[in-house]
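We have chain A; now place chain B onto it with these hints.
Going down the list, the sequences are from chains A and B.
Quick note on the working numbering: the first sequence kicks off at 1 and runs consecutively.
Quick note on the working numbering: the second sequence kicks off at 337 and runs consecutively.
Because the hints were derived from the structure by calculation, they are not lab data.
No experiment lies behind these values; they were computed from the predicted model shown.
One or more hints might be untrue.
[Claimed, not checked] So the derived label-pair ranges between C-beta atoms look like this:
id	chain 1	residue 1	chain 2	residue 2	range
1	A	Asp-21	B	Pro-701	49 to 59 Å
2	B	Gly-506	A	Gly-46	31 to 41 Å
3	A	Thr-278	B	Ser-458	55 to 65 Å
For each residue, glycine too, the CB sits at the ideal point set by N, CA and C.
Take a look at the letters that make up each chain.
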Amino acid sequence: MKRLGIAEALREAIAEEMERDPRVFCIGEDIGVPGGWGGAFTVTLGLEQSFPGRMIDTPIAELGFFGVAIGAALMGMRPIADVQYGDFLLLAGDQIINNAAKMRYMSGGRVKVPLVIRAPIGATGRGSQHAQSLERFFTGVPGLKVVAPSNAYDAKGLLKAAVRDDNPVLIFEHKLLYGSRGARAESGATDATSDIPDTDYTVPLDRAAVRREGSRVTILAWLLMLHHSLAAAGSLAAQGISAEVLDVRSLSPLDYETIGASVRKTGRVVIVEEGPKTGGVGAELAAGITERFGQALLAPVVRVASPDIPVPFSPALENAYRPSVLRIVEAAARLA
Amino acid sequence: MPDLAATGSDIRLVRWLARPGEEVKRGQPLLEVETDKAVSTVESSIAGMLTEISISPGALVSAGQVIALFEVAAAMPAPSLELGQPNAPSPLPSAGALQDVALSAAVPAPPAPILDRSFLLSLFEHMVLIRQFEERVKFLFLEGVMPGTIHQCQGQEATAVGVCAALQEGDWITSTFRGHGHALAKGLTPQELLDELFGARTGCCRGKGGSMHVGNPDKGMLPAIAIVAGGIPLAAGMALAFRMQKTSQVVACFFGDGAVAEGAFHEGINLAALWKLPAIFVCENNLYGASTHISKVMRNTRIADRAASYGFRGETVDGNDVLAVYDAARRAAADGRAGRGPVLLELLTYRRTGHSRRDPCHYQPKEERETWLSRDPIQRFAARLQERGDVSAADLEAVNTRVQARIEEAVAKARLAPQPALSDLETDVLA
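Just chain A, same shape as in the assembly:
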């Protein structure tokens, strides 16, 4: 057992999977440059020494190298492709959405695309184009699985499960949760370290997790917002309101079994999402919960999200943009 941050846990997962399976390789920008960074957030730091020829540094060409990763996956390799910032996934959108996600269906089930995509997201003092919450653009794409780990244990287990899955799996990681150190440390970072077992494990790609049990209101969140929601639940408890907090974790498919059990118990739902309210994952969750468990709801579903604006730069504005612990507390308290 050891205590690791998300960046270290992901690094360990990648190394173990590459050790286990010679078909696994990494492809991306600045991921294996000796003396370099190990990707934008140190996740692959030093791996080029252990896996020569399998940490493939690319030109700045997301459309191109995502196509390369998908082509290699179709021919039996198991690539892990990453972008430095999730925003750059949009450059590779054609390859991910039109090729990776559809190739199996178009072939009548005759081919498969075992591809892992890693993408850092979240508003972190970088203005509008290195900050978006990109989940919404990919959760509605049939043929893709989308997960978002909020702690190091899940990060390692989900990445390993993704590598072993025969489908394209997109892992969204939050910049403030990496626990990156040294020059790549993020100001305002939140502790997402976990105790990591010494033995091999995976975390299923289709399960939510109950992080705090409660009876009066269910708070659904993922990534950084999960941590804010847990803090909010602490405040709510002090006010005598028992909040259950679920880490949605699997954004596609959504785990309505776990979510439904909680909704039936509390009858009240607050969905917390970093990213604009309109058209977000929260909108899908709200609709899905209402369709499935509408009879159990004691009040309409409430969303706490960012306003419908690009991510601002000024720290004062950025902090006002992102849902805060206080906003979550207020929304849940009104509902409960």
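This is chain B only, laid out in the frame that chain A set:
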């Protein structure tokens, strides 16, 4: 030393026909050799200055042995094709001297194989199969019995057949929305294609792909990619897998001239060039992206030139000459297998039909159209075959008849092929 297919006998050098310091043309007689059968002349497969001769008259030589060194210009400009003389007869290929239309070879070409009668007839039959398939499909659409839309390739048969004939078992292709010809050339049957076009469960993609996504991984063809240039980075990745798996496979990636303006083209070929991947980028330049002429979308309309700017070899080839295409693809495949990296083949051809189902093609000028129609790849190849002496008009007619019967049989079955069950709707999304 090219392979003379000398049935194992010794080959002895009689004399050199060129001297060190001499500029030698491709196809120029280079040396005289003696086998147990005859004394014969070996033509140069390389154009350049002969700098050194490494064997002397009387010595025994074997295929593949280095016998001379040349200094070769890095990138010789390819001669432009004479479109004004569409039916200019070309010499038929013989062992060791396959005719090249346009070359800028920086490396020695692999020895040309012997093109025997059955191989040539098979090229012809595949081209006829594609033409008749497309014509039949056109009428099925006119009948109103076939769903969806179609993008047809009448007039472009030589590109698909020439390239696929140069591939080996285990090699792959990627294709586009205009992919029926590629599929037939890669060995998919008219039946599995027609069934797919009818949306049947028995189609090559079980009715889930349709005309724009035909493919069959068992035959080395991914479902065709209908996003322009979308297959180019993908092919680079397939080639990367072959490299990492240490196989000798290559991938041929088909796309049209329209793809050249896409970012995916530039990113994909740059990566393949950078890592010297075994990919053949096959641009079927039919002069039009949908209805827009190539001159309206690029300043430099010689597409093969793009390769040089990314540091690899490009070649413009008469895409309506199946043997020229075959030879260029064969050399490109050999480059890939030998680790020399990708090749960009620009195959000049012409679409006889509209871009898609309802396009009457009014934007093709009459004169341009007539010039190209007179260079029809099937008619030209039929004429060349008959010059051989061992292929008669009756032989070719027999091919036509056989193909027609095969297609009619497939059409009859496809009309009755079972549609997918509704329970198939949501299957095959995830593995």
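Hints, verified against the model:
The supplied range of 49 to 59 Å is met by Asp-21 (chain A) and Pro-701 (chain B), whose beta-carbon atoms lie about 57 Å from each other. In this structure, Gly-506 (chain B) and Gly-46 (chain A) meet the distance hint of 31 to 41 Å, their C-beta atoms being roughly 37 Å apart. In this structure the hint that Thr-278 (chain A) and Ser-458 (chain B) lie 55 to 65 Å apart at CB holds, the actual value being about 60 Å.
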